[in-house]
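Whole structure, please, built from the sequences with the hints as guidance.
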Amino acid sequence: MWLYLMMGAFFIVIGLAIHVFKWYFLIAGYNTMSKEKKANVDTEGLGRLMGAYSYVNGGVLIITGILHAFSLRPVLTPVIVIFGISTVYLLIRAQKYDGNIYDKNGKLIEGAWKQLALPVGTVVITLIFVAFLMFFSSQETKVTFLEEGLQIHGMYGETYRWESIEEVRLIESLPNIELRTNGSALGSSLKGHFRTTEYGSVKLFVDTKKPPFK
Numbered sequence: 143m144w145l146y147l148m149m150g151a152f153f154i155v156i157g158l159a160i161h162v163f164k165w166y167f168l169i170a171g172y173n174t175m176s177k178e179k180k181a182n183v184d185t186e187g188l189g190r191l192m193g194a195y196s197y198v199n200g201g202v203l204i205i206t207g208i209l210h211a212f213s214l215r216p217v218l219t220p221v222i223v224i225f226g227i228s229t230v231y232l233l234i235r236a237q238k239y240d241g242n243i244y245d246k247n248g249k250l251i252e253g254a255w256k257q258l259a260l261p262v263g264t265v266v267i268t269l270i271f272v273a274f275l276m277f278f279s280s281q282e283t284k285v286t287f288l289e290e291g292l293q294i295h296g297m298y299g300e301t302y303r304w305e306s307i308e309e310v311r312l313i314e315s316l317p318n319i320e321l322r323t324n325g326s327a328l329g330s331s332l333k334g335h336f337r338t339t340e341y342g343s344v345k346l347f348v349d350t351k352k353p354p355f356k
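Just add 142 to wherever you are in the sequence shown, counting from 1, and you've got this note's numbering.
Hint data in this document are derived by calculation from the structure and do not stem from the laboratory. Here a beta-carbon is modelled for each residue, glycine too, at the ideal position from N, C-alpha and C. Keep in mind that the hints are not guaranteed to be accurate.
Claimed, not checked - Computed spacing ranges between beta-carbons, pair by pair: (1) LEU312 <-> VAL162: 47 to 57 Å; (2) GLY296 <-> GLY342: 20 to 30 Å; (3) THR283 <-> VAL262: 56 to 66 Å.
Okay, here's the thing in structure tokens:
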């Protein structure tokens, strides 16, 4: 809960600093430009864009934190999707405010495409990486019984030696999940490390909509 609230507050503060207080030195890329290039940037428009991006993502994170405070379990997939889409939009839209790339009529300046290579490349790589993670996270967990132990395949999987397994039982409900510490949570599919109220840190490979659980 507190992690989401703090992250949300951080986004809001950054948005206010850039949009309202005009601390444009916080904008990555702009703060490393020469004075000549900075003079060609529409800082007002770019500041509004950065502010809107920060307010939207900050608000989503704060709402998620509030839902956790009321013991609700919001699905994190929409949060990730909103963040991903807004980030891609920001990276693309921000270039329109750079007079070093586009002229006053919004047309690409000759030879300026080289400066677009980095943001466009970043967007493409990010989309491929996210699609890769979502694809493998959504796959059903495969389990193999080996001579030396129980092997769980896929992301976050490992082999558990038979002598390390003390008890196996079915339960109808999962412990209260407080936080995803290092794992994936796509809809009802939970894989990886989570923190629970009853047992502390645990590793899960479950579909929360398909009890019982082992």
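To see whether the hints hold, each was checked on the structure:
no.	hint	result
1	LEU312 <-> VAL162: 47 to 57 Å	55 Å, holds
2	GLY296 <-> GLY342: 20 to 30 Å	24 Å, holds
3	THR283 <-> VAL262: 56 to 66 Å	36 Å, violated
When the structure is compared with the earlier hints, a violation turns up for hint 3 alone.
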